[in-house]
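There are 2 protein chains.
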Amino acid sequence: MNADRDITETTLQDFLSALASRAPTPGGGSAAAVMGAMGAGLISMVCNVTLGKKGMEDVAAQMGAVCAESESLRLRLTSMIAADIAAFDGLMSAYRLPKGTEAEKQQRGAAIQVGLVAATNAPLDCARACAEVIRLSRRAAQHGYAGVISDAGVGVLAAQTALRSAALNVEINAPLLTDREFAARASAELEELLAEGARESEAVFALVRSRLG
Amino acid sequence: MNADRDITETTLQDFLSALASRAPTPGGGSAAAVMGAMGAGLISMVCNVTLGKKGMEDVAAQMGAVCAESESLRLRLTSMIAADIAAFDGLMSAYRLPKGTEAEKQQRGAAIQVGLVAATNAPLDCARACAEVIRLSRRAAQHGYAGVISDAGVGVLAAQTALRSAALNVEINAPLLTDREFAARASAELEELLAEGARESEAVFALVRSRLG
Numbered sequence: 001m002n003a004d005r006d007i008t009e010t011t012l013q014d015f016l017s018a019l020a021s022r023a024p025t026p027g028g029g030s031a032a033a034v035m036g037a038m039g040a041g042l043i044s045m046v047c048n049v050t051l052g053k054k055g056m057e058d059v060a061a062q063m064g065a066v067c068a069e070s071e072s073l074r075l076r077l078t079s080m081i082a083a084d085i086a087a088f089d090g091l092m093s094a095y096r097l098p099k100g101t102e103a104e105k106q107q108r109g110a111a112i113q114v115g116l117v118a119a120t121n122a123p124l125d126c127a128r129a130c131a132e133v134i135r136l137s138r139r140a141a142q143h144g145y146a147g148v149i150s151d152a153g154v155g156v157l158a159a160q161t162a163l164r165s166a167a168l169n170v171e172i173n174a175p176l177l178t179d180r181e182f183a184a185r186a187s188a189e190l191e192e193l194l195a196e197g198a199r200e201s202e203a204v205f206a207l208v209r210s211r212l213g
Numbered sequence: 214m215n216a217d218r219d220i221t222e223t224t225l226q227d228f229l230s231a232l233a234s235r236a237p238t239p240g241g242g243s244a245a246a247v248m249g250a251m252g253a254g255l256i257s258m259v260c261n262v263t264l265g266k267k268g269m270e271d272v273a274a275q276m277g278a279v280c281a282e283s284e285s286l287r288l289r290l291t292s293m294i295a296a297d298i299a300a301f302d303g304l305m306s307a308y309r310l311p312k313g314t315e316a317e318k319q320q321r322g323a324a325i326q327v328g329l330v331a332a333t334n335a336p337l338d339c340a341r342a343c344a345e346v347i348r349l350s351r352r353a354a355q356h357g358y359a360g361v362i363s364d365a366g367v368g369v370l371a372a373q374t375a376l377r378s379a380a381l382n383v384e385i386n387a388p389l390l391t392d393r394e395f396a397a398r399a400s401a402e403l404e405e406l407l408a409e410g411a412r413e414s415e416a417v418f419a420l421v422r423s424r425l426g
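Quick note, the sequences are listed as chains Y and E, same order. Heads up, the first sequence is in my numbering, so the first residue is 1 and it goes up one at a time. Heads up, the second sequence is in my numbering, so the first residue is 214 and it goes up one at a time.
Bound conformation, chain Y alone:
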């Protein structure tokens, strides 16, 4: 992809083609951010539809509050589609630095570590935002208009899969970090996010299914 162009300005079709191409970006990290943004967007949709329904005025304030949060998360996750590419490309540039002399080797090694920290923080941020989408989805699933409640179910599944996908991208980079304390903190935080996300997303999905028929 042309780095000067914001990837979210490409068409959906071109984005999917770029994902499939042999270019390393966009890859799984960007796909995770797209899934997270779709998850947040579907929660917003459930709230937006509910807000327009007669007879549902008692949940309007709550749906408005959920929607404000899910829209903020959607925009955050949308910006992560490009952020993941930037982090990955930065790391690749570091790997391509010259390593002829001892000084070059040291410089390259340091640049790779800076790149690895960025390439760990990008998916970690994505995982955090997805965990927030999952937490938020319960209120949409509980109080949203029944006619669009399946969209809350798709939204929470998308967010949990985005979380797992982002976690996988942390797992690749964390072992290569020389800052073991940072790596351990990142892994521990992820473990918690993954466990909470798995539990909560399945509970919300079950809630959605119970409201279907």
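Any given hint might turn out to be false.
[Said to hold, decoys possible] Pair ranges (Cβ atoms, derived): (1) Y:S79 - E:A316: 50 to 58 Å; (2) E:G268 - Y:L75: 42 to 50 Å; (3) Y:A110 - E:A281: 25 to 33 Å; (4) E:S285 - Y:A23: 17 to 25 Å; (5) E:Q320 - Y:R22: 19 to 27 Å; (6) E:G277 - Y:A184: 36 to 44 Å; (7) Y:A65 - E:K267: 36 to 44 Å.
Think of the hints as simulated: they come from the structure by calculation, not from any bench. Built from N, CA and C at the ideal position, the CB exists for glycine as well.
Model the placement of chain E on the given structure of chain Y, informed by the hints.
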């Protein structure tokens, strides 16, 4: 969304905004197709990268074959983004038909059934294509270049979540079908796809993780 314009020609950003809006389409059905297409695309990417690697010539033929299939699935799933919208809009049009006279009621009832069959077949087709992506992903995860193997992991998770999302959309419509035989066949097929998908996607994901370190 403007139905005259192919939704895959909109930008990623606009698609995400449209998902979040109070318009019923695009909704969870289109999001499922996007996830499935991303899953297929990531499998293609793993194959495409592997095909260009020195020393991996022994798996080139197999990667080429997998890629041909995943690209065909990606295009099929991409076309389902719009197909889901068309099916949903068709069903909504049927619900809006007049129901003043007995004849109108009968016509409307028949049109709704036609709409429900289409709105059941669309996600069922999506679920079938996702199941194929999952089956295909094992070969990419097993033989793909290790440097991009995490993308196969994200791909298989995306495909399984797309399958579950599509299944949820079948579940909404199936109980309303008067053709109970068709409804039962659709539900039985889905149960199998879901069970196989859950088992196989977790097995492939575990295989990916085992190749990470």
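So, going through the hints one by one against the coordinates:
1. Y:S79 - E:A316: 50 to 58 Å: This hint holds: roughly 55 Å between Cβ atoms.
2. E:G268 - Y:L75: 42 to 50 Å: Since the Cβ atoms of G268 (chain E) and L75 (chain Y) sit about 43 Å apart, the hinted range of 42 to 50 Å holds.
3. Y:A110 - E:A281: 25 to 33 Å: violated (43 Å)
4. E:S285 - Y:A23: 17 to 25 Å: Cβ of S285 (chain E) to Cβ of A23 (chain Y): about 20 Å, so the range 17 to 25 Å holds.
5. E:Q320 - Y:R22: 19 to 27 Å: violated (53 Å)
6. E:G277 - Y:A184: 36 to 44 Å: Since the Cβ atoms of G277 (chain E) and A184 (chain Y) sit about 41 Å apart, the hinted range of 36 to 44 Å holds.
7. Y:A65 - E:K267: 36 to 44 Å: violated (56 Å)
Of the hints listed earlier, those the structure fails to meet are numbers 3, 5, 7, in rising order.
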